[in-house]
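Asks: Add chain B to chain A, keeping to what the hints say.
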Amino acid sequence: MSGLRYVYAVCRPFGTPLSAQLTGVAGVPPKQLTHHGLVAVVGQVPEEDFAERPLRAHLEDLDWLSATARAHQNVIDALTVVTSPLPLRLATVFLDDSGVRTMMEQREDAFLRTLDRLDGRVEWGVKVYAESPETPESSATVDSAAGTESSEDPNSRPASSPAKPVSGRDYLRQRRGQRRAHEEKWEQAEEFSRRLHETLSGYAEETRIHAPQNAVLSHASGRNVLNAAYLVPRSESEAFVELVDRTKDDSPGLRVELTGPWAAYSFSGEDS
Amino acid sequence: MTTAQRFPDAYGQQGSSANLADILERVLDKGIVIAGDIRINLLDIELVTIKLRLIVCSVDKAKEMGIDWWESDPALSSRAGRDELSRENAELRAHVAELERGREAAPAREREPTEEEAQG
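As they're listed, the protein sequences go chains A and B. Each step along the first sequence adds one to the number in our numbering, with nothing skipped, and position 230 is 230. Each step along the second sequence adds one to the number in our numbering, with nothing skipped, and position 78 is 78.
This is chain B alone, in the form it adopts within the complex:
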């Protein structure tokens, strides 16, 4: 959309125009890691990263990785509201299940659809 105009004018404007996910993805997850004098326990950092990753990356991917702690994480559930979270979880689970079924069905895609399966 606005791609052409963003170069080279984009220099110096990134900070305000880039979306938060793009910025966090790079600033928190990329960039070279150097242990400073203030040593944050790496496990803590990874915990934060994983939490953000859950927000940043798709939930089905997180499920694939076996990450499901959000169900009991107090920080998250107090912020988002327990009920809201469990409702979303239920929806997302259903969605994940649907995607998984879709993936299982994928190898059969070579054949032509029967008229019954033609777009409705």
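Chain A extracted, bound-state conformation:
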């Protein structure tokens, strides 16, 4: 076999063959490489894309990166159905199978420790968005905002005023009122996020708080005020999801978004 080896994840042997329809990076179906009681899930990838020089160039290309990331995630997702994989970061590439085996031997102990910690767990992502403070025309702009965040984002146009100020004093008063409303909204959102995180942490074995997301990539409306990940046993995931669902009702002006179940990406490090 020629070509390079792209490694998606390391797992305990899971006994089920991967679906023949499953394709990964470069459109190639992944296969299992068993060694020393561990399984590396690998795919063959062409040198013209994954050798050092082209890979570096590709990584600067957001379109290529997006497609590759989705293909990577597609494989990890399929693995998450049958086992609790330890996901590797995008573009972990070896020259051949023996290079992969050597890596597995060298890291065997750490892999086993981490796989034990993640066994039977999945990651849930929870994000809280604060909708923009109410303005008279807000109901009219909500629909159009979804498609054009970058230019229409009300957050970036704090000066849009409900009525034309007649004097400088009026103007200042209006601005102060707007800023005040904005601040209160913000404090409310932070307080809600703090309490939500506290509650959810009680149901999770580990938690991580990530940097907030910007709407340019997520195409989500509103401002992301909480972006957190929770490591939850599968058996308790249903309860966790219901818990998140319940919080949605008592949060006017705030939106709670749940994603998952993910492989335990955010908890794959040994630092916990």
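These are computed hints drawn from the structure, not numbers from a lab. Incorrect hints may have been included.
Claimed, not checked - Restricting the straight-line Cα-Cα distance to at most 20 Å, the calculated cross-link-like pairs of lysine to any residue (SDA-like) are:
{"#": "1", "chain 1": "A", "residue 1": "K31", "chain 2": "A", "residue 2": "L18"}
{"#": "2", "chain 1": "A", "residue 1": "K185", "chain 2": "B", "residue 2": "R39"}
{"#": "3", "chain 1": "A", "residue 1": "K248", "chain 2": "A", "residue 2": "L200"}
{"#": "4", "chain 1": "A", "residue 1": "K248", "chain 2": "A", "residue 2": "L196"}
{"#": "5", "chain 1": "A", "residue 1": "K185", "chain 2": "B", "residue 2": "R101"}
{"#": "6", "chain 1": "A", "residue 1": "K185", "chain 2": "B", "residue 2": "A97"}
{"#": "7", "chain 1": "A", "residue 1": "K31", "chain 2": "A", "residue 2": "E105"}
{"#": "8", "chain 1": "A", "residue 1": "K185", "chain 2": "B", "residue 2": "E88"}
{"#": "9", "chain 1": "A", "residue 1": "K185", "chain 2": "A", "residue 2": "Q174"}
{"#": "10", "chain 1": "A", "residue 1": "K185", "chain 2": "A", "residue 2": "V225"}
{"#": "11", "chain 1": "A", "residue 1": "K185", "chain 2": "B", "residue 2": "R103"}
{"#": "12", "chain 1": "A", "residue 1": "K31", "chain 2": "A", "residue 2": "S98"}
{"#": "13", "chain 1": "A", "residue 1": "K185", "chain 2": "B", "residue 2": "V96"}
{"#": "14", "chain 1": "A", "residue 1": "K31", "chain 2": "A", "residue 2": "F14"}
{"#": "15", "chain 1": "A", "residue 1": "K185", "chain 2": "B", "residue 2": "G102"}
{"#": "16", "chain 1": "A", "residue 1": "K185", "chain 2": "B", "residue 2": "A35"}
{"#": "17", "chain 1": "A", "residue 1": "K185", "chain 2": "A", "residue 2": "E105"}
{"#": "18", "chain 1": "A", "residue 1": "K185", "chain 2": "B", "residue 2": "L99"}
Claimed, not checked - If you want the footprint, here are the derived chain A segments under chain B, 3+ residues with CB under 8 Å:
{"#": "19", "region": "91 to 102"}
{"#": "20", "region": "255 to 268"}
Said to hold, decoys possible - Derived CB-CB ranges, DEER-like:
{"#": "21", "chain 1": "B", "residue 1": "E100", "chain 2": "A", "residue 2": "A20", "range": "47 to 57 Å"}
{"#": "22", "chain 1": "A", "residue 1": "P252", "chain 2": "B", "residue 2": "R87", "range": "30 to 40 Å"}
{"#": "23", "chain 1": "A", "residue 1": "S98", "chain 2": "B", "residue 2": "A94", "range": "52 to 62 Å"}
{"#": "24", "chain 1": "B", "residue 1": "R87", "chain 2": "A", "residue 2": "E198", "range": "38 to 48 Å"}
{"#": "25", "chain 1": "B", "residue 1": "R87", "chain 2": "A", "residue 2": "D63", "range": "17 to 27 Å"}
{"#": "26", "chain 1": "A", "residue 1": "G27", "chain 2": "B", "residue 2": "A94", "range": "28 to 38 Å"}
{"#": "27", "chain 1": "A", "residue 1": "A57", "chain 2": "B", "residue 2": "N19", "range": "23 to 33 Å"}
{"#": "28", "chain 1": "B", "residue 1": "R101", "chain 2": "A", "residue 2": "D245", "range": "17 to 27 Å"}
{"#": "29", "chain 1": "A", "residue 1": "V81", "chain 2": "B", "residue 2": "A94", "range": "41 to 51 Å"}
{"#": "30", "chain 1": "B", "residue 1": "R103", "chain 2": "A", "residue 2": "S98", "range": "13 to 23 Å"}
Note that the Cβ used here is the ideal one computed from N, Cα and C, for glycine as well.
Replies: Frame of chain A; chain B shown alone:
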């Protein structure tokens, strides 16, 4: 919204339904790091990560971290268009400044608002 239905049916569907920011955030920034045979200079990887982070994380956070290279980055400005970028930058700067002023004012929040500050 669709949370309840997403479990356990979500298994196997994540790849198509999750948003790009969620996927990149995990696939590119989380997950265990192992040096393969194809060694991409870590600095390069971090550069990509930082660039994405600028898109993924909020701009004021990036400013806090002292990241402002986007003003001169040729890859970004050629893609987005220099004018568009500088216009956005100006808007975002104004927004960041506003947020910073808001933060400075925050310690005073204990007191009740005067009637002048009541919602307009």
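Asks: Decide, hint by hint, whether the structure agrees.
Replies: Verification of the supplied hints:
1. A distance of roughly 7 Å separates the Cα atoms of A:K31 and A:L18; the hinted pair therefore holds under the 20 Å criterion.
2. A hinted pair counts as satisfied when its Cα atoms are at most 20 Å apart, and A:K185 with B:R39 does not qualify at roughly 47 Å.
3. A hinted pair counts as satisfied when its Cα atoms are at most 20 Å apart, and A:K248 with A:L200 qualifies at roughly 13 Å.
4. Between the alpha carbons of A:K248 and A:L196 the distance comes to roughly 10 Å, so the proposed pair stays at or under 20 Å and holds.
5. Using a Cα cut-off of 20 Å, the hinted pair A:K185 and B:R101 holds, with the two alpha carbons roughly 15 Å apart.
6. Taking the CA atoms of A:K185 and B:A97, the gap is about 18 Å. The hint holds against a cut of 20 Å.
7. With a C-alpha separation of about 19 Å, the suggested pairing of A:K31 with A:E105 holds against the 20 Å cut-off.
8. The suggested pairing of A:K185 with B:E88 is violated, with an alpha-carbon distance near 24 Å, which exceeds 20 Å.
9. For the proposed pair A:K185 and A:Q174, the alpha carbon gap of about 16 Å is at most 20 Å, so the pair holds.
10. Simply put, A:K185 and A:V225 have alpha-carbon atoms about 11 Å apart, close enough for the 20 Å limit, and the pair holds.
11. Pair hint A:K185 plus B:R103 holds up; C-alpha atoms about 13 Å apart against a cutoff of 20 Å.
12. This hinted pair checks out: A:K31 and A:S98 have alpha carbons roughly 15 Å apart, not beyond 20 Å.
13. A distance of roughly 17 Å separates the Cα atoms of A:K185 and B:V96; the hinted pair therefore holds under the 20 Å criterion.
14. Only pairs whose Cα atoms come within 20 Å are accepted, and A:K31 paired with A:F14 is accepted, the gap being roughly 13 Å.
15. For the suggested pair A:K185 and B:G102, the alpha carbons sit about 12 Å apart, so the restraint of at most 20 Å is met.
16. Taking the CA atoms of A:K185 and B:A35, the gap is near 45 Å; set against the 20 Å cutoff, the hint is violated.
17. Distance restraint check for A:K185 and A:E105: the Cα-Cα separation of roughly 53 Å exceeds the 20 Å cut-off, and the hinted pair is therefore not satisfied.
18. The hinted pair formed by A:K185 and B:L99 meets the criterion: a straight-line CA distance of about 13 Å does not exceed 20 Å.
19. Proximity of the region 91 to 102 of chain A to chain B, defined as three or more residues with a beta carbon under 8 Å from a beta carbon of that chain, is established by the 6 residues found.
20. Beta-carbon proximity to chain B at under 8 Å applies to 8 residues in the region 255 to 268 of chain A; the threshold of 3 is reached and the given coverage holds.
21. Taking 47 to 57 Å as the suggested C-beta distance range, the pair B:E100 and A:A20 conforms, at roughly 56 Å.
22. At about 34 Å, the CB distance of A:P252 to B:R87 agrees with the hint of 30 to 40 Å.
23. Taking 52 to 62 Å as the suggested C-beta distance range, the pair A:S98 and B:A94 conforms, at roughly 57 Å.
24. For the pair B:R87 and A:E198, the beta carbons lie near 40 Å from each other, so the given range of 38 to 48 Å is met.
25. Distance hint check for B:R87 and A:D63: the Cβ-Cβ separation is about 24 Å, which falls inside the suggested range of 17 to 27 Å.
26. The supplied range of 28 to 38 Å is broken by A:G27 and B:A94, whose beta-carbon atoms lie about 45 Å from each other.
27. Distance hint for A:A57 and B:N19: a CB-CB separation of about 26 Å, consistent with the stated range 23 to 33 Å.
28. In this structure the hint that B:R101 and A:D245 lie 17 to 27 Å apart at CB is violated, the actual value being about 37 Å.
29. Taking 41 to 51 Å as the suggested C-beta distance range, the pair A:V81 and B:A94 conforms, at roughly 47 Å.
30. B:R103 and A:S98 have their C-beta atoms about 55 Å apart, which leaves the hinted 13 to 23 Å range violated.
In summary, the structure is inconsistent with hints 2, 8, 16, 17, 26, 28 and 30 from the numbered list given earlier, while agreeing with the others.
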